[in-house]
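Protein chains: 2
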Amino acid sequence: MEFDFSDRMKGLKANAIREIFKYLSDPQMISFAGGMPNKEALPVEILSELSEKLFKDKSIYGVLQYGSTEGYMPLRQSSVDFVKRMGIDGIDTDNTLIITGGQQGIDLTCKVFLNKGDCILVEDPTYIAVLHILKTYEAKAYGVKSNHDGIDTDDLEAKIKKYKPKFIYLVPTFGNPTGKNYPLSKRKKILELAVKYGTIILEDDSYSHLRFGGEYVQSIKSLDTTGNVIYNTSYSKIISPGIRCGVCVADKEIIAKMILCKQATDVHTSALSQALCDGFLRGNYLDGHLKKILPIYSSKKSLMREAIKKYMPTDFECTNPDGGLFIFGSFKEGTDTSDYFVRALQSKVAYVNGIDFYASGDVRNTLRLNFSNSTDEQIERGIKILGDIFKER
Amino acid sequence: MEFDFSDRMKGLKANAIREIFKYLSDPQMISFAGGMPNKEALPVEILSELSEKLFKDKSIYGVLQYGSTEGYMPLRQSSVDFVKRMGIDGIDTDNTLIITGGQQGIDLTCKVFLNKGDCILVEDPTYIAVLHILKTYEAKAYGVKSNHDGIDTDDLEAKIKKYKPKFIYLVPTFGNPTGKNYPLSKRKKILELAVKYGTIILEDDSYSHLRFGGEYVQSIKSLDTTGNVIYNTSYSKIISPGIRCGVCVADKEIIAKMILCKQATDVHTSALSQALCDGFLRGNYLDGHLKKILPIYSSKKSLMREAIKKYMPTDFECTNPDGGLFIFGSFKEGTDTSDYFVRALQSKVAYVNGIDFYASGDVRNTLRLNFSNSTDEQIERGIKILGDIFKER
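Top to bottom, those sequences are chains Z and G.
Per my numbering, the first sequence starts with residue 6, numbered consecutively.
Per my numbering, the second sequence starts with residue 6, numbered consecutively.
It is possible that some hints are incorrect.
[Stated by the list, open to error] Below, computed lysine-lysine pairings styled on DSS-like, alpha-carbon distance capped at 25 angstroms:
hint, chain 1, residue 1, chain 2, residue 2
1, G, K18, Z, K257
2, Z, K27, G, K27
3, Z, K58, G, K140
4, Z, K15, G, K121
5, G, K169, Z, K15
6, Z, K44, G, K169
7, Z, K145, Z, K58
8, G, K27, Z, K145
9, G, K27, G, K121
[What the hints assert, rightly or not] Okay, the calculated bits of chain Z under chain G, using three or more residues with CB under 8 angstroms as the criterion:
hint, region
10, 7-18
11, 212-224
12, 227-238
13, 260-266
14, 287-296
Hint data in this document are derived by calculation from the structure and do not stem from the laboratory.
Quick caveat: nothing in here was measured; it's all calculated off a predicted structure.
Beta carbons: idealized from backbone N, C-alpha and C, even for Gly.
Full structure from sequences and hints, please.
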C-alpha cells in the first residue's frame with residue numbers, strides 16, 4: 006500500500022554519521038567518522054566483574070523487573086555525586102532523570118519545549134544529531150558565529166533578540182565537532198544572557214571527563230541559580246556507549262515534564278545498564294579508568310596532529326583540542342570536502358563532512374576527524390591516504 | 006524562571022499505572038496494578054549464564070561499543086525466527102527494528118504517521134499507554150465498541166469511514182486490559198477492512214506466548230500480504246521487562262522511516278540487552294522457560310478467580326482469560342471504582358481503575374487486576390480486602 010507518513014518525515018534523512026556507520030562493518034575501513042571510544046578504553050573487565058556480582062545479588066530481581074521512569078534510584082543518587090565533578094552542587098535526585106544515552110536528553114528537551122515552527126540557537130558548527138532531532142519536531146535551528154574560544158556572545162545576544170529561541174543548545178566543553186573549551190568568562194556571559202532574555206540553555210556535556218590538557222572549567226549548570234540550564238551528560242564516553250545510559254539534570258519542574266514524555270517513549274532506561282553504571286560509579290572505578298584512557302587519547306590526538314602536518318596539504322588547518330574525541334579541520338575556500346568523500350571511502354578511510362554540522366551557512370571546506378577509535382598505525386596510514394587524495398585537488 | 010512548555014505538555018498527566026508505581030515501593034503493598042511478570046518467572050539463572058559467557062567472548066567489544074540503530078544483527082536474525090511462532094513468515098531482517106521495549110514501537114509508529122490533530126481508532130477499553138503516547142503527538146483516539154471476542158467490526162467499519170484514522174491500534178491476543186483473544190475470522194475481517202479503506206493496523210502483541218489455555222490463533226500480521234500491518238512485540242513478558250527490548254516488524258519502507266526516528270531518540274537499544282535476548286532465543290531457552298512459567302500464571306489466574314468468587318460482591322463480573330496477565334472486571338452501573346481506589350491503597354492493595362483504559366465513553370464501574378506478580382497468599386488476602394471494601398458500598 007501507499008503510506009501516508011507524517012509531515013515530519015518529509016526531508017528527514019539519515020544523520021550523516023549514522024549513514025557512514027554502515028560502511029564501518031568493513032574490517033578494512035579506517036574510520037575517523039564516528040565518535041567511538043577506543044576498544045582499549047572499554048572497561049570490559051570491570052563491567053564483567055560488576056555484572057557477575059549483580060547477577061548473584063538479590064537486587065537482580067529488581068533490575069530485571071519493570072522499574073520507574075525516573076531511573077534506578079541508586080544510579081540517580083550516584084549521578085548526583087557524579088555531576089559534582091563538573092561543579093554541580095545543591096541538587097537532589099528529583100533534579101535528575103536517567104536517560105537512554107545523552108541523545109535522549111536532547112530529544113526530551115525538544116519534546117518538552119518545542120512546538121512545530123519554534124526555533125533554537127546553536128553554535129555553528131554544532132553536534133550533528135541536534136539538527137536531526139529538531140527536524141522530527143518540525144522546528145528550526147539558527148547558527149550562531151563561533152570564535153576560537155567558542156560561541157560569539159555578541160552574535161548570540163543579537164540572535165536571541167531576533168529569533169526568540171526556545172532554547173540555546175551548546176557543547177561548551179570539548180564541543181563536538183570543534184573540541185573548543187569555553188572559558189569561564191564566556192560561560193558566565195552566556196548564562197547572563199539566558200537569564201536576561203528568559204531563555205533555556207541546554208548544556209550538553211559528554212566530553213568534560215576526557216580532558217588530557219588545559220585547565221578544568223566548571224559547567225554552565227554549576228553557575229545556574231535560576232533554573233535556566235538543563236545539563237545533559239552521558240556515561241557513553243567514560244563507561245560504554247553500547248549500554249545507552251546517561252543523566253539529565255534540571256529544574257524539578259522540567260524533570261517532571263521530561264518524565265511524562267519518557268513514560269511515553271521507552272518507559273525507562275535498561276535497568277541492567279543503569280545498575281552497571283551505578284556499580285562503576287560507586288565502585289570508584291572512574292578515576293582509575295580515566296587515568297588509563299586519557300594518555301591513550303592524548304597520544305592518539307598528538308599522533309594524528311603529527312600525521313596531518315606530515316601528509317595533509319599545507320592549506321589544511323586544524324584544531325588542537327585539550328580533550329574530547331575530535332580534530333576539526335578546514336581547507337582554503339573553494340575546496341568542498343564532500344567531493345572527496347566517496348573517493349576516501351573507496352580508499353577505505355571515512356571522515357565526516359563539516360557541512361553536516363552547520364545549521365546556517367554553506368561551509369563546505371571543513372571536515373571532522375575522530376582520533377580515538379583507530380589504532381596508531383591506522384591513524385598514520387589513514388591520514389596519509391587522505392593527504393594523497395586532497396593533494397590531488 | 007517561568008517555563009514556556011510546548012503545547013503537547015498541556016493536560017499531559019502521568020499514566021495512571023506509572024503513578025501507582027510510586028506506591029509499590031511499600032513492601033506491604035499488594036499490587037494488582039502493574040503488568041509485572043512474577044519474580045519466579047524471571048530467568049535469572051539463564052541470563053546470568055548468558056551474561057557471563059558474553060563478557061568472556063570477544064563479541065563483548067562490539068556490544069559495549071556504539072551499534073547500529075536498526076539493532077544488533079544477531080538479534081534481528083533471531084527475531085525473524087521468533088515471530089514465525091506467531092505465523093509471520095517471508096520476512097527478512099530489513100523488515101525488523103529492535104526497539105527499547107514494546108512501547109517504543111507504539112511511539113515510533115505515532116512519530117512516523119501522526120500529525121497534530123490526526124486520529125487513530127482503538128478498541129475500548131485499550132492499553133492505557135497508547136492513550137498517553139497519543140497526547141504527546143497532540144493526536145486523538147476514538148474508541149470502538151468491544152464484544153466478548155474482541156473489537157466490534159461493524160462499529161470499526163463505521164468509525165473508519167467517519168474518522169479516517171491514520172491507524173487502528175489493537176492488542177488482539179490476550180489484550181490488555183481485557184484478556185480477550187480475537188478469533189481468526191475476526192482477525193481476517195479487520196485486515197480486510199484495513200485493506201479496503203487503506204488504513205494501517207498496529208498489532209501490539211506482548212502476550213501471545215503467555216497462553217495457558219484455549220487454542221493458538223495466528224497473528225493478523227501473518228495474514229498481511231499488502232503491508233498494512235505493523236507488528237509490535239516485546240521480550241519483556243517472556244525474558245525481562247527491565248532490560249527494555251522488543252522488536253517491530255513491518256513493511257521495509259515503514260521500518261526505514263522508523264529507523265530515522267529512532268536515530269533521533271535513543272540512537273539504538275542497549276546492545277547488552279539485545280545480546281542477552283539473542284542468547285536467550287538462540288540458546289533455545291524459550292520453550293523450557295514457558296513450560297516453567299505458564300503453569301504458574303495459569304494457577305494464579307485460577308486462584309484469583311476463586312478468590313473473587315469467594316470475596317467480591319455478587320454484582321462483580323470478570324473475564325476468564327486463557328493467557329496474558331490480567332483479569333478485567335465490572336460492577337453494576339452506578340459504582341465508580343475510583344471512589345474506592347484511595348481506600349484500597351490505604352488498605353495496601355493496588356488495582357487500576359478501568360476508566361483510564363477508555364478512549365471514549367465514561368465507563369466508571371470497571372477495574373483491572375493483575376494476577377501474575379503477587380504470591381498466592383497475597384492474591385487471597387488482597388482480593389478479600391477489596392471484597393470487604395466494595396461490599397460496603
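### Query
Looking back at the numbered hints, which does the structure fail to meet, lowest number first?
Failing hints, ascending: 2, 3, 6, 7, 8, 9, 11 and 14.
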